[in-house]
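All chains, full assembly: derive it from the sequences and hints.
In order, the protein sequence lines correspond to chains X and F.
By our numbering, the letter at position 61 of the first sequence is numbered 61, and the numbering carries on one by one without gaps.
Position in the second sequence counted from 1, then plus 152, gives you our numbering.
I should point out that these hints are in silico values taken from the structure, not numbers from a laboratory.
Treat the hints with care, since some could be wrong.
[Said to hold, decoys possible] Heads up, incomplete: computed chain X residues facing chain F, CB under 8 Å, no partners named:
#: 1; residue: Asn49
#: 2; residue: Leu50
#: 3; residue: His56
#: 4; residue: Gly65
#: 5; residue: Val66
#: 6; residue: His99
#: 7; residue: Phe108
#: 8; residue: Leu131
#: 9; residue: Val133
[Said to hold, decoys possible] Residues of chain X clear of chain F, computed beta-carbon distances all greater than 10 Å:
#: 10; residue: Leu47
#: 11; residue: Thr63
#: 12; residue: Arg79
#: 13; residue: Ala83
#: 14; residue: Arg103
#: 15; residue: Lys107
#: 16; residue: Pro137
#: 17; residue: Gln146
#: 18; residue: Val151
#: 19; residue: Ala152
[What the hints assert, rightly or not] Pairwise CB distance ranges (calculated):
#: 20; chain 1: X; residue 1: Gln124; chain 2: F; residue 2: Arg277; range: 52 to 62 Å
#: 21; chain 1: F; residue 1: Asn213; chain 2: X; residue 2: Val109; range: 53 to 63 Å
#: 22; chain 1: F; residue 1: Lys254; chain 2: X; residue 2: Glu117; range: 36 to 46 Å
#: 23; chain 1: X; residue 1: Ser70; chain 2: F; residue 2: Pro230; range: 23 to 33 Å
#: 24; chain 1: F; residue 1: Arg277; chain 2: X; residue 2: Glu126; range: 18 to 28 Å
#: 25; chain 1: X; residue 1: Lys94; chain 2: F; residue 2: Pro230; range: 22 to 32 Å
#: 26; chain 1: F; residue 1: Ala284; chain 2: X; residue 2: Glu16; range: 27 to 37 Å
#: 27; chain 1: F; residue 1: Asp251; chain 2: X; residue 2: Gln124; range: 37 to 47 Å
#: 28; chain 1: X; residue 1: Met10; chain 2: F; residue 2: Lys221; range: 28 to 38 Å
#: 29; chain 1: F; residue 1: Leu215; chain 2: X; residue 2: Lys128; range: 29 to 39 Å
#: 30; chain 1: F; residue 1: Ser253; chain 2: X; residue 2: Ala83; range: 39 to 49 Å
#: 31; chain 1: F; residue 1: Val211; chain 2: X; residue 2: Asp67; range: 26 to 36 Å
In this text the structure is predicted, and so the values were computed from the model without any measurement.
Here a beta-carbon is modelled for each residue, glycine too, at the ideal position from N, C-alpha and C.
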Amino acid sequence: MAEWNPIADMESLRREIGRAFEDFGFEQGPSHRVAFLPGREPRRYPLVNLLEDKDHVFIEALTPGVDPQSMNITALQNRLTLAGEKSGIPGNIKPEAFHRNERASGKFVRTIDLPVEIDEDRIQAEYKNGLLVVTLPKAEKAKPKQISIKVA
Amino acid sequence: MAERTVAARTQEKTPSSREDTRSQERYITPPVDIYETPNGLVVTADLPGVAKEGLDVRVENHLLTIRGKAAHAAPGDPVYREYGLVNFFRQFELNEKVDQSKISAELKHGVLTLNLPKAEEAKPRKIEVKAA
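Here it is, written out as structure tokens:
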């Protein structure tokens, strides 16, 4: 396929070793793990980030190539379930026609336990540029209460 | 005769791994699929968090460069983090038989699809055999 190039081979080996370490959580932090590969590795998909402000909890999920129509988001008490399917390459491409095949496709389900109680009726979800953002308002009783101090 | 697909040279160029030269900027190599169709090559890359404005795809001297600025979409303060979005960067060497003027790109749902049509002279032709 390509001519033999020992420098390139060494470089790719170096990169592969780096990647192997990354998979075990060494060296580079979570910022380098962006691949969305359901079914390829025993990891949880999609990867999510959890954020919060005073009144809301936000879940941002990494879902490139996932049709928003295929997604099913459900919430029960403080558990949020994300399900969907990442579509593969359309048409019948013969395996020998591939030069690279690094992206995977398939169905996924992930349940996330949220740290606070949420108001299930006012959950909103938005999909943009391959990122899913679920906005979960905190339940009234889960919000922090301001306590005033009386001066005696 | 067994069917064969002629492999185009799509290997990455060695100087493109920016990790060594520009250590303060961090890049992620996006996962890609590259496959051949009768009309050309198709490259698809996962680029989550990249908007159309932040995407830069260019072809210079048979070198295809994909560069994307990724941004988070959710507001608020981080509590728990499984990934970070750093800018994407990847380069491929193109076979000269790609018609560079007809390359088209589409970005949808965070996935970039590039169509690299083969130049006319590189398309397979069936040769008619005349019976004498």
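Structure-based check of all given hints:
Hint status for asparagine 49(X): holds, given a least beta-carbon distance of 5 Å to chain F, under 8 Å. Annotation: interface hint on leucine 50(X) holds; nearest CB of chain F at approximately 4 Å, less than 8 Å. For histidine 56(X), the suggested interface contact is upheld, since its CB lies about 7 Å from the closest CB of chain F, less than 8 Å. Interface hint at glycine 65(X): satisfied, since its Cβ lies 4 Å from the closest Cβ of chain F, which is below the 8 Å cut-off.
About 7 Å separates the beta-carbon of valine 66(X) from the nearest beta-carbon of chain F, less than 8 Å, and the hint is met. The interface hint given for histidine 99(X) holds, since its Cβ lies 4 Å from the closest Cβ of chain F, which is under the 8 Å cut-off. At a threshold of 8 Å, the smallest CB-CB gap from phenylalanine 108(X) to chain F is about 14 Å, leaving the interface hint violated. Against a cut-off of 8 Å between C-beta atoms, the interface hint on leucine 131(X) holds, since the closest Cβ of chain F lies about 4 Å away.
At its closest, the beta carbon of valine 133(X) sits 5 Å from a beta carbon of chain F; the interface hint therefore holds under the 8 Å criterion. Once the 10 Å rule is applied to beta carbons, leucine 47(X) is inconsistent with being away from chain F; the minimum gap is 4 Å. For threonine 63(X), the requirement that its beta carbon stay farther than 10 Å from each beta carbon of chain F is not met, with the minimum near 7 Å. Here arginine 79(X) stays apart from chain F, with its beta-carbon at least about 15 Å from theirs, past the 10 Å limit.
No Cβ of chain F approaches the Cβ of alanine 83(X) within 10 Å, the least distance being about 17 Å, so the stated non-interface status holds. Not every C-beta of chain F lies more than 10 Å from that of arginine 103(X), the closest at about 5 Å, which undercuts listing it as non-interface. Every beta carbon of chain F lies more than 10 Å from that of lysine 107(X), the smallest distance being close to 16 Å; the non-interface claim holds. Under the 10 Å C-beta cut-off, the non-interface status given to proline 137(X) relative to chain F holds; the minimum distance is some 12 Å.
Residue placement check: glutamine 146(X) keeps its beta carbon more than 10 Å from all beta carbons of chain F (closest about 19 Å). Annotated as non-interface, valine 151(X) keeps its C-beta farther than 10 Å from every C-beta of chain F; the closest such distance is 32 Å. Listed as a non-interface residue, alanine 152(X) keeps its Cβ farther than 10 Å from every Cβ of chain F; the least gap is roughly 36 Å. Range check, glutamine 124(X) to arginine 277(F): about 56 Å between beta-carbon atoms, so the 52 to 62 Å window is met.
Judged by the Cβ atoms, the range 53 to 63 Å given for asparagine 213(F) and valine 109(X) is violated: they are separated by roughly 46 Å. Our hint of 36 to 46 Å for lysine 254(F) and glutamate 117(X) is violated, since their Cβ atoms are close to 56 Å apart. Between serine 70(X) and proline 230(F) the CB atoms are about 28 Å apart, so this pair conforms to the stated range of 23 to 33 Å. Distance hint check for arginine 277(F) and glutamate 126(X): the Cβ-Cβ separation is about 50 Å, which falls outside the suggested range of 18 to 28 Å.
The beta-carbon spacing between lysine 94(X) and proline 230(F), approximately 44 Å, falls outside the hinted interval of 22 to 32 Å. Between alanine 284(F) and glutamate 16(X) the C-beta distance comes to about 56 Å, which lies outside the given range of 27 to 37 Å. For the pair aspartate 251(F) and glutamine 124(X), the supplied restraint of 37 to 47 Å holds, since their beta-carbon distance comes to about 45 Å. Between methionine 10(X) and lysine 221(F) the CB atoms are about 31 Å apart, so this pair conforms to the stated range of 28 to 38 Å.
At roughly 30 Å, the beta-carbon separation of leucine 215(F) and lysine 128(X) lies within the given 29 to 39 Å, and the hint holds. Separation of serine 253(F) from alanine 83(X) is about 43 Å and conforms to the stated range, judged on CB atoms against 39 to 49 Å. In this structure, valine 211(F) and aspartate 67(X) meet the distance hint of 26 to 36 Å, their C-beta atoms being roughly 29 Å apart.
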